[in-house]
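Okay, here's what each chain looks like letter by letter:
Protein chains: 2
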Amino acid sequence: MSISSFFPPQRTLMGPGPSDVNPRVLSALARPTVGHLDPTFIGMMDEVKTLIQYAFQTNNTYTMAISAPGSAGMEACFVNLLTPNDTVVVCKNGVFGARMVENVTRIGAKAIVIEGEWGRAVNPQQLEDTLKQNPQASVVAFVHAETSTGALSDAQALCSIAKQYDCLTIVDAVTSLAGVELRVDDWGIDAVYSGSQKCLSCVPGLSPISFSEQAAELIKKRNAPVQSWFLDQSLVMDYWSGQGKRSYHHTAPVNSLYALHESLVILQNEGLEQSWQRHRTMHNKLAGGLEQLGINFIVPKEERLPQLNAVYIPEGVDDAAVRHTLLNDYNLEIGAGLGAFAGKAWRIGLMGYAARNENVTLCLAALKNTLPA
Amino acid sequence: MSISSFFPPQRTLMGPGPSDVNPRVLSALARPTVGHLDPTFIGMMDEVKTLIQYAFQTNNTYTMAISAPGSAGMEACFVNLLTPNDTVVVCKNGVFGARMVENVTRIGAKAIVIEGEWGRAVNPQQLEDTLKQNPQASVVAFVHAETSTGALSDAQALCSIAKQYDCLTIVDAVTSLAGVELRVDDWGIDAVYSGSQKCLSCVPGLSPISFSEQAAELIKKRNAPVQSWFLDQSLVMDYWSGQGKRSYHHTAPVNSLYALHESLVILQNEGLEQSWQRHRTMHNKLAGGLEQLGINFIVPKEERLPQLNAVYIPEGVDDAAVRHTLLNDYNLEIGAGLGAFAGKAWRIGLMGYAARNENVTLCLAALKNTLPA
Chain F
1 MSISSFFPPQ
11 RTLMGPGPSD
21 VNPRVLSALA
31 RPTVGHLDPT
41 FIGMMDEVKT
51 LIQYAFQTNN
61 TYTMAISAPG
71 SAGMEACFVN
81 LLTPNDTVVV
91 CKNGVFGARM
101 VENVTRIGAK
111 AIVIEGEWGR
121 AVNPQQLEDT
131 LKQNPQASVV
141 AFVHAETSTG
151 ALSDAQALCS
161 IAKQYDCLTI
171 VDAVTSLAGV
181 ELRVDDWGID
191 AVYSGSQKCL
201 SCVPGLSPIS
211 FSEQAAELIK
221 KRNAPVQSWF
231 LDQSLVMDYW
241 SGQGKRSYHH
251 TAPVNSLYAL
261 HESLVILQNE
271 GLEQSWQRHR
281 TMHNKLAGGL
291 EQLGINFIVP
301 KEERLPQLNA
311 VYIPEGVDDA
321 AVRHTLLNDY
331 NLEIGAGLGA
341 FAGKAWRIGL
351 MGYAARNENV
361 TLCLAALKNT
371 LPA
Chain E
1 MSISSFFPPQ
11 RTLMGPGPSD
21 VNPRVLSALA
31 RPTVGHLDPT
41 FIGMMDEVKT
51 LIQYAFQTNN
61 TYTMAISAPG
71 SAGMEACFVN
81 LLTPNDTVVV
91 CKNGVFGARM
101 VENVTRIGAK
111 AIVIEGEWGR
121 AVNPQQLEDT
131 LKQNPQASVV
141 AFVHAETSTG
151 ALSDAQALCS
161 IAKQYDCLTI
171 VDAVTSLAGV
181 ELRVDDWGID
191 AVYSGSQKCL
201 SCVPGLSPIS
211 FSEQAAELIK
221 KRNAPVQSWF
231 LDQSLVMDYW
241 SGQGKRSYHH
251 TAPVNSLYAL
261 HESLVILQNE
271 GLEQSWQRHR
281 TMHNKLAGGL
291 EQLGINFIVP
301 KEERLPQLNA
311 VYIPEGVDDA
321 AVRHTLLNDY
331 NLEIGAGLGA
341 FAGKAWRIGL
351 MGYAARNENV
361 TLCLAALKNT
371 LPA
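One line per chain: the protein sequences are F and E, in this order.
Each residue of the first sequence is one higher than the one before, starting from 1 at the first, in our numbering.
Each residue of the second sequence is one higher than the one before, starting from 1 at the first, in our numbering.
Be careful, since some hints might not be right.
Which copy is meant is left open, so a pair is good if it fits within one copy or across any two.
Claimed, not checked - Capping the alpha-carbon separation at 20 Å, the derived lysine to any residue pairs in SDA-like fashion look like this:
1. K245 <-> A342
2. K344 <-> R246
3. K245 <-> G316
4. K301 <-> L362
5. K132 <-> L26
6. K163 <-> A366
7. K245 <-> T325
8. K163 <-> P225
9. K110 <-> G337
10. K220 <-> A365
11. K301 <-> G343
12. K344 <-> L37
13. K368 <-> G108
For the record, the hints were derived by calculation from the structure and aren't laboratory data.
Note that the structure is a prediction, hence the values are computed from the model and not measured.
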């Protein structure tokens, strides 16, 4: 056995994530490692917390980055807030809603699943009807931006309905954060998680997360221990907390947090609303070009995610062959369909640093060259 | 709010981990991100698997890196192998043995705890006595190298006893991997996990893990789903497996895996036994110097970890003040005591790239300058 160093190709990442990483982020990533209890690092963690609060538009104290990908962020929300006695309404309109159901059932809690149409937003009326019929439900969970379908749900409306029925809300903001409007406090979101590798354009592996005061109280008052020691947020907060001494819980992924910090500084400097607008502008440009190529969107216009463009593969076109050519001849990655859309759709990401004019132009030109006339 | 980019100081890391990171690893970390299903990345994952097999000295198919720190690797072993009906003997001789107990009880399984002395190896006779008295036990768990105390246990002897009583073995090799002899197949270890940030000298955040064929069979045959979706290894293996199509489970931490790959290539090039020997040589040098300074080891000589030197803080010496001076005047980090040793011990790491002559020399000279004459 003799294995050599690995040198990856330079791709343009326009799939469902990871997205193109800003070179500033890669540069931050490679800075010298310090200890996870080093005073300089603790200071940086406080800044990461402040910057995540800004990105989520929240003042929640219980805000941090989980030391693992978005799926672990999802699991952290469910295992900390639920016990086996709870009933959760899960709005499922794609792969990640289905994953939420998995999380609920593995806790031993009861999931009431609202089956939504793939490629459509969650229907607020369906949620209201379900809550009316199930007064025992105490939590509502849904995906803000379904990465598997490209559909954007009205998080504000859904949270407002949940609150009318005294339910806590768990919101998946993996693909939405920094790409479309998201206001955790104003909308009454109780638990929210995201991923580093989508519209933040950081490397994959971390999950920003935040809990409302009400959710934090619930976690503090739990009798049953959280089933995951690694994801027990009452322990993790003793490490992330600004007050007094930091308690060791696990060794933080130091360099990945440098990268997340840098990506959040870039977001702060651009401005959150400006970032939302840039994603919208680039989406409009891409959508216009795709229509000219005769490529149709799956999601109706008013429910579309600007940062994740799910489109039907044109009839007679070989899915794998096109993606292979884009990757090999143009170093361009676009995403395959997932779940119900496997083999039927492409997912073209315009996330974070990938939402740039040069990327849109390359993608449209490469598609034009590759597709049969 | 206006937060700027973070530039960490250049430290020499001689605590309990993270250890000094080889500059080659930082350089690999910053290479361009590719997609987690990119063919070039899948090829690199296969190499990571082969290299982890080499480091663990195993042919186990079920070998991979968990996308989270060592504590998640620990949890992955327990949640995949146990159900609430199981009884586990946990040998506890420090903080990480106690964490194992937490893992067992949060599953709802029964832990029989062997209370060992802090700073000593696990007593094989105690294990044998306990197994004799508890024929219902089906799993034995212990820490090979206790990071909280610097004690090395005889993993070969403990596994051999466990096998006599038909128990599976779960072994914590977080600090031992690449620093001292570890032979997963020869010693009959069924589940083993480590961390990237110790003797591999990679950045923190990943956990190499491996399951024997017997353990893998048990996971495949489970009726009850694993309580953690994120750590369900039967799902994760569909992404890491070499056979056929890779199934998406979660987005792999692409850049961190570049770094792990590079750290394992460096280990392969040095040779595993040469790495063990280097740790031993540097330890002997450090130990000689510490004795000259009148600093005493906690662990008896034959049970000492070369890569983690736990020593008593000399009488009358201000723990925090010394560590503060080392950090601020010499950019040198050594570890504080943990658990029962908090305030009483220092932990001086010589892990991976930190196990170098220049580090030993700096540490001894800085300590000499800092300690009262």
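| request: Up to 20 Å between alpha-carbons, please classify K245 paired with T325: within, between, both or neither. | output: For K245 and T325, only the inter-copy Cα distance (19 Å) is at most 20 Å; the intra-copy one is 54 Å.
| request: If the cutoff is 20 Å on CA atoms, where do K110 and G337 land: within, between, both or neither? Let me know, please. | output: Neither way: K110 and G337 sit 30 Å apart in one copy and 44 Å across, limit 20 Å.
| task | Evaluate K344 and R246 at a C-alpha cut-off of 20 Å and name the case that applies: within, between, both or neither. | result | between (50 Å within a copy, 18 Å between copies)
| Same-copy or cross-copy closeness of K163 to P225 [CA-CA at most 20 Å] | neither (26 Å within a copy, 32 Å between copies)
| message | When Cα atoms must be at most 20 Å apart, do K163 and A366 count as within-copy, between-copy, both, or neither? | response | neither (47 Å within a copy, 60 Å between copies)
| said: At most 20 Å between CA atoms: does that hold for K245 and G316 within a copy, between copies, both, or neither? | reply: Intra 63 Å, inter 23 Å, cutoff 20 Å: neither.
| query | Between copies, within a copy, both or neither: which fits K301 and L362 at Cα up to 20 Å? | reply | Neither: 23 Å inside a chain and 64 Å across chains, both beyond 20 Å.
| How would you classify K245 and A342 at a CA-CA limit of 20 Å: within, between, both, or neither? | Classified as between; 13 Å across copies, 49 Å inside a copy.
| task | Can you give me the call for K301 and G343, within, between, both or neither, at a CA distance of at most 20 Å? | result | neither (22 Å within a copy, 62 Å between copies)
| Homomeric proximity label, K368 with G108: Cα distance no greater than 20 Å | Close neither inside one copy (50 Å) nor across copies (57 Å); limit 20 Å.
| said: Within a copy, between copies, both or neither: which one fits K132 and L26 at a CA-CA cutoff of 20 Å? | reply: The answer is neither: 49 Å in one copy and 55 Å across copies each exceed 20 Å.
| With identical chains treated as interchangeable, where does the CA-CA distance between K344 and L37 reach 20 Å or less: within a copy, between copies, both, or neither? | Between copies, since 18 Å is at most 20 Å while 49 Å is not.
When the structure is compared with the earlier hints, violations turn up for hints 3, 4, 5, 6, 8, 9, 10, 11 and 13 and for no others.
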